[in-house]
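A.B. asks: Heads up: the protein sequence lines correspond to chains A and B, in order. Position 14 of the first sequence, counting from 1, maps to 58 under my numbering, and the rest follow consecutively. Position 68 of the second sequence, counting from 1, maps to 112 under my numbering, and the rest follow consecutively.
Among these hints, one or two may not hold up.
Stated by the list, open to error - Just some of the chain B residues that point at chain A, by a computed CB distance under 8 Å:
1) T83
2) I84
3) E102
4) K109
The set of hints was computed from the structure by calculation and includes no laboratory data. No experiment lies behind these values; they were computed from the predicted model shown. Cβ atoms here follow ideal geometry from the backbone N, Cα and C, with glycine treated the same way.
Number of protein chains: 2
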Amino acid sequence: MNFDVEVKISLKKGMLNPEASTIEKALALLNYEVSNTQTIDIIKFTIDATNEDEAYKEVDEMCQKLLCNPVIHDYEITISEE
Amino acid sequence: MNFDVEVKISLKKGMLNPEASTIEKALALLNYEVSNTQTIDIIKFTIDATNEDEAYKEVDEMCQKLLCNPVIHDYEITISEE
Numbered sequence: 045m046n047f048d049v050e051v052k053i054s055l056k057k058g059m060l061n062p063e064a065s066t067i068e069k070a071l072a073l074l075n076y077e078v079s080n081t082q083t084i085d086i087i088k089f090t091i092d093a094t095n096e097d098e099a100y101k102e103v104d105e106m107c108q109k110l111l112c113n114p115v116i117h118d119y120e121i122t123i124s125e126e
Numbered sequence: 045m046n047f048d049v050e051v052k053i054s055l056k057k058g059m060l061n062p063e064a065s066t067i068e069k070a071l072a073l074l075n076y077e078v079s080n081t082q083t084i085d086i087i088k089f090t091i092d093a094t095n096e097d098e099a100y101k102e103v104d105e106m107c108q109k110l111l112c113n114p115v116i117h118d119y120e121i122t123i124s125e126e
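Looking at chain A on its own, in the form it has when it is part of the complex (with noise of 0.2 Å):
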């Protein structure tokens, strides 16, 4: 079975963003007051799997390996069926 996949990837609370505060300083160079600037990351892919849990179970090890560090990141994975 094919499920669509996203996973959204975000710095944990209380860790430095420097994307973040270059983007508000860039802003702020043309004159564009903005305050609690965040980013976010959403990786989408599909992938085959027996069942949603399986899908899961493999979309976490993904994240722990590889497109995550889980030391400074949260993560989030939704799991729908194609």
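Using the hints provided, position chain B relative to the given structure of chain A.
C.D. replies: Quick look at chain B alone, frame taken from chain A:
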């Protein structure tokens, strides 16, 4: 008034996505077969504006000038009152 803003940035259909293909190849090296990989960036921030339309207009300008490259990116703006 303060508004919470979310800008969702993705590559236009047909654009090459080196980040996605790198992820797909790296996952294959770890024996995970995935397909149709896409990456989406989300930027969230707070902005002060007189009303929602004003906020939307300003954020759209930010997208055009800095946050996205309108030639290769599609972007979606979501605004909600804080």
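A.B. asks: Against each hint, give a clear statement of whether it holds in the structure.
C.D. replies: Results of checking the hints against the structure:
1. The interface hint given for B/T83 holds, since its Cβ lies 6 Å from the closest Cβ of chain A, which is under the 8 Å cut-off.
2. Using the Cβ-Cβ criterion of 8 Å, the hint placing B/I84 at the interface with chain A is satisfied: the shortest such distance is roughly 4 Å.
3. Taking 8 Å as the C-beta contact cut-off toward chain A, the hint placing B/E102 at the interface holds, the least distance being around 6 Å.
4. Satisfaction of the interface hint for B/K109 is found here, the shortest Cβ-Cβ separation to chain A being roughly 6 Å, below the 8 Å cut-off.
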